[in-house]
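S.K.: Top to bottom, those sequences are chains A and B. Under our numbering, the first residue of the first sequence is numbered 5, with each subsequent residue one higher. Under our numbering, the first residue of the second sequence is numbered 5, with each subsequent residue one higher.
Any given hint could be a false lead.
Pairs involving identical chains hold if they fit within one copy or between any two copies, as the list cannot separate such chains.
As the list claims (entries may be wrong) - Taking lysine to any residue pairs in the SDA-like style, the calculated list, with each CA pair at most 25 Å apart, reads: (1) K191 - Q206; (2) K142 - D68; (3) K301 - K322; (4) K108 - S15; (5) K192 - F67; (6) K158 - G35; (7) K301 - N107; (8) K216 - Q33; (9) K338 - Y328; (10) K27 - K301; (11) K265 - R212; (12) K336 - Q49; (13) K141 - H24; (14) K27 - E229; (15) K192 - M233; (16) K141 - L16; (17) K141 - E196; (18) K141 - Q185.
No lab work stands behind these hints, which were simulated from the structure alone.
There are 2 protein chains.
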Amino acid sequence: MDEISRTEIGSLGEFGLIEHLTKNNETVQAGTILSVGDDAAVIDQFGRQCVVSTDLLLEGVHFDLMYTPLMHLGYKAVVVNLSDIYAMMATPTHITVSVGISNKFSVEAMDEFYEGVYAACERYNVDLIGGDTTTSKKGFVISVTAIGEVAPDKYVTRAGAGEGDLICVSGDLGSAYLGLQLLEREKKIFLEHPGVQPDLQQQKYLARRILKPEPRADIVEWLRENNIMPTAMIDVSDGLSSELLHICTKSDVGCVLYEDKIPIHDDARAMAMEFNLGSAACALSGGEDYELLFTIKQEDYEKMARNNDISIIGYVTKKEEGVYMITKGGAKHKLIAQGWNAFE
Amino acid sequence: MDEISRTEIGSLGEFGLIEHLTKNNETVQAGTILSVGDDAAVIDQFGRQCVVSTDLLLEGVHFDLMYTPLMHLGYKAVVVNLSDIYAMMATPTHITVSVGISNKFSVEAMDEFYEGVYAACERYNVDLIGGDTTTSKKGFVISVTAIGEVAPDKYVTRAGAGEGDLICVSGDLGSAYLGLQLLEREKKIFLEHPGVQPDLQQQKYLARRILKPEPRADIVEWLRENNIMPTAMIDVSDGLSSELLHICTKSDVGCVLYEDKIPIHDDARAMAMEFNLGSAACALSGGEDYELLFTIKQEDYEKMARNNDISIIGYVTKKEEGVYMITKGGAKHKLIAQGWNAFE
Chain A
5 MDEISRTEIG SLGEFGLIEH LTKNNETVQA GTILSVGDDA AVIDQFGRQC VVSTDLLLEG
65 VHFDLMYTPL MHLGYKAVVV NLSDIYAMMA TPTHITVSVG ISNKFSVEAM DEFYEGVYAA
125 CERYNVDLIG GDTTTSKKGF VISVTAIGEV APDKYVTRAG AGEGDLICVS GDLGSAYLGL
185 QLLEREKKIF LEHPGVQPDL QQQKYLARRI LKPEPRADIV EWLRENNIMP TAMIDVSDGL
245 SSELLHICTK SDVGCVLYED KIPIHDDARA MAMEFNLGSA ACALSGGEDY ELLFTIKQED
305 YEKMARNNDI SIIGYVTKKE EGVYMITKGG AKHKLIAQGW NAFE
Chain B
5 MDEISRTEIG SLGEFGLIEH LTKNNETVQA GTILSVGDDA AVIDQFGRQC VVSTDLLLEG
65 VHFDLMYTPL MHLGYKAVVV NLSDIYAMMA TPTHITVSVG ISNKFSVEAM DEFYEGVYAA
125 CERYNVDLIG GDTTTSKKGF VISVTAIGEV APDKYVTRAG AGEGDLICVS GDLGSAYLGL
185 QLLEREKKIF LEHPGVQPDL QQQKYLARRI LKPEPRADIV EWLRENNIMP TAMIDVSDGL
245 SSELLHICTK SDVGCVLYED KIPIHDDARA MAMEFNLGSA ACALSGGEDY ELLFTIKQED
305 YEKMARNNDI SIIGYVTKKE EGVYMITKGG AKHKLIAQGW NAFE
């Protein structure tokens with residue numbers, strides 16, 4: 005390491021670091037259609053297309069084993085990768101799962117984790133085809149790579165949004181973040197008063213959203229069935245504002261988002277109040293919802309309006325018009341990425 | 005975790021654990037040709053075949069940053085995966101690289117690491133197409149997935165060795181292990197006497213074998229050019245005896261290995277003497293050589309004999325005859341896997 009010139013990674017942030025490290029990345033394989041910089045890469049396999057995505061999950065950073073059942077963790081580790089494949093409008097087919105485990109884990113604990121992995125594979129019709137298993141000095145390490153397929157050039161990137169397109173999002177946002185706040189609060193109470201058992205029965209929805217998310221395979225299927233080809237798509241892992249900015253940057257456009265159109269679940273709204281947080285702020289900056297955020301052409305509006313599980317939350321503008329949110333009170337705020345920065 | 009029934013992972017070992025966790029793994033995708041249990045998986049992509057392999061490398065387990073230059077580490081993280089693809093007689097085309105890094109890393113340090121990654125990509129004509137970048141509470145975490153291609157059904161597994169086949173290995177064995185011993189010794193000396201700078205100039209070969217291994221793309225190419233289709237193949241990552249046992253188990257055969265035929269480099273022989281180790285033992289149990297171990301039909305003997313970089317070290321027998329090594333003194337020893345167990 006060069007002691008004279010030292011740039012802190014935190015100063016670039018996760019996306020800045022990725023951009024820095026890959027800015028000179030030249031691809032030489034004729035089959036490389038889409039490289040670093042989207043939810044997944046696309047490679048041409050003899051005229052058909054294969055989609056690849058990978059995630060690294062570390063104990064203490066991405067999950068806390070104190071309130072994360074291993075079965076749920078195994079399930080989630082798989083589905084967050086499948087979510088990236090669906091966000092390309094592709095269908096996941098295969099995964100590899102690598103784990104680094106410390107001595108504190110028993111074979112029975114690993115069985116639980118893999119029960120979750122297999123449950124996700126079964127539900128989403130995906131085969132586990134490989135992986136690596138090793139010891140870890142400290143902490144549980146999980147690396148999953150998902151492979152999917154898509155008909156030639158039928159994948160959707162972050163880069164195709166055009167002026168006038170409608171911005172859509174599936175399901176509801178902010179629930180996963182509030183579920184996490186809830187679990188963190190219960191953990192704190194438990195650590196201070198070990199006798200008090202947390203009662204999460206009243207908050208099943210929020211707990212499920214953070215512990216056992218589901219990728220929106222159903223939305224991708226519905227879009228296909230209804231012949232709607234989104235112009236851009238991304239899954240919401242880091243919060244709505246961060247994802248929307250990704251689409252705007254990659255598509256070279258601006259947008260207007262309406263705060264009152266952001267779909268928020270009643271349980272999330274109530275919990276936000278309990279925590280004295282704005283529920284829209286939780287949706288904008290929370291992350292881990294694994295919903296699909298996408299843009300469609302205006303001509304698809306009628307079709308889209310028939311799906312109650314998809315909300316239209318704004319529209320795409322010219323780049324020069326910037327990226328804004330209109331608040332409930334009618335004020336216009338510039339959107340900034342306050343999503344989760346893994347390096348802060 | 006079930007406190008009543010607790011099985012220590014160490015009691016199964018890495019391969020036992022993998023077998024345990026995947027014994028009920030059912031594949032549903034028609035395209036899954038070869039799943040867990042070989043150097044790589046094979047999936048059918050619309051009639052052509054795609055090969056996938058993945059490795060997880062953890063600081064303090066797989067590498068020591070005290071004597072591993074980051075550039076070499078980036079290079080090695082890629083090539084150990086490429087080695088798995090070549091061990092299927094396939095050609096690597098794409099990789100994903102995920103890293104978990106702690107605050108102690110600077111952007112400049114990551115640049116060094118990626119310089120190694122890109123150097124490996126360039127040398128082996130492979131595209132970096134994705135990855136994940138995150139913070140790590142402790143230790144540097146690297147996960148690489150390699151994807152390759154192979155003409156339909158032209159891949160070679162560990163399972164095809166037949167009675168009478170010749171056992172071949174490329175290059176030389178044990179050097180990486182002795183290189184590692186050397187670096188560990190120098191580290192210890194340095195920690196005790198920080199003023200003494202290690203002089204590795206005399207041991208460039210051994211240091212290179214552990215720090216910057218090369219996968220045997222050249223051997224795969226030579227085999228193809230000479231129309232030799234190995235009956236079974238594996239890369240030597242865990243030591244010759246462990247790899248040979250994998251082939252015998254998967255192929256349901258026995259074998260005879262000749263100690264005096266095991267290729268050992270002069271530098272390795274000398275260093276083994278210095279450490280008071282048997283050089284054959286280093287080859288048998290050392291690992292990390294990333295040479296190719298394979299079996300061929302006897303009819304290919306003449307062709308094989310023309311390649312000075314390939315040694316014929318034994319032959320395949322019936323399963324009932326067991327797995328043996330004939331020592332230099334003529335004694336017959338049962339081979340047992342003393343390769344590296346990540347859980348010990």
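S.K.: Given a CA cutoff of 25 Å, do K301 and N107 count as a within-copy pair, a between-copy pair, both, or neither?
M.R.: neither (53 Å within a copy, 43 Å between copies)
S.K.: Up to 25 Å between alpha-carbons, please classify K142 paired with D68: within, between, both or neither.
M.R.: So K142 and D68 pass the 25 Å test inside a copy (14 Å) and across (15 Å) alike.
S.K.: Evaluate K216 and Q33 at a C-alpha cut-off of 25 Å and name the case that applies: within, between, both or neither.
M.R.: So K216 and Q33 pass the 25 Å test across copies only (24 Å; inside, 37 Å).
S.K.: How would you label the pair K192, F67 (within, between, both, or neither) given a Cα cut-off of 25 Å?
M.R.: within (15 Å within a copy, 36 Å between copies)
S.K.: With 25 Å as the alpha-carbon cut-off, assign the pair K141 and H24 to within, between, both or neither.
M.R.: Cα proximity of K141 and H24: across copies only (22 Å, versus 30 Å in one copy).
S.K.: When no copy is named, should K301 and K322 be tagged within, between, both, or neither for a Cα gap of at most 25 Å?
M.R.: Close inside one copy (15 Å), not across copies (67 Å); limit 25 Å.
S.K.: At most 25 Å between CA atoms: does that hold for K141 and E196 within a copy, between copies, both, or neither?
M.R.: between (28 Å within a copy, 24 Å between copies)
S.K.: I want to check one pair: K141 and Q185. Are their C-alpha atoms no more than 25 Å apart within a copy, between two copies, both, or neither?
M.R.: between (29 Å within a copy, 21 Å between copies)
S.K.: As a check of your reading, is K191 near Q206 (CA-CA no more than 25 Å) within one copy, between copies, both or neither?
M.R.: within (16 Å within a copy, 57 Å between copies)
S.K.: With identical chains, the pair K108 and S15 could be close in the same copy or across copies; at 25 Å between alpha carbons, which is it: within, between, both, or neither?
M.R.: between (35 Å within a copy, 13 Å between copies)
S.K.: Since the copies are identical, ignore which copy is meant and state whether K338 and Y328 lie within 25 Å (CA to CA) inside a copy, between copies, both or neither.
M.R.: within (4 Å within a copy, 73 Å between copies)
S.K.: Measure nothing new, just compare the shortest in-copy and cross-copy C-alpha distances for K336 and Q49 to 25 Å and report within, between, both or neither.
M.R.: neither (47 Å within a copy, 49 Å between copies)
In summary, the structure is inconsistent with hints 7, 10, 12, 14 and 15 from the numbered list given earlier, while agreeing with the others.
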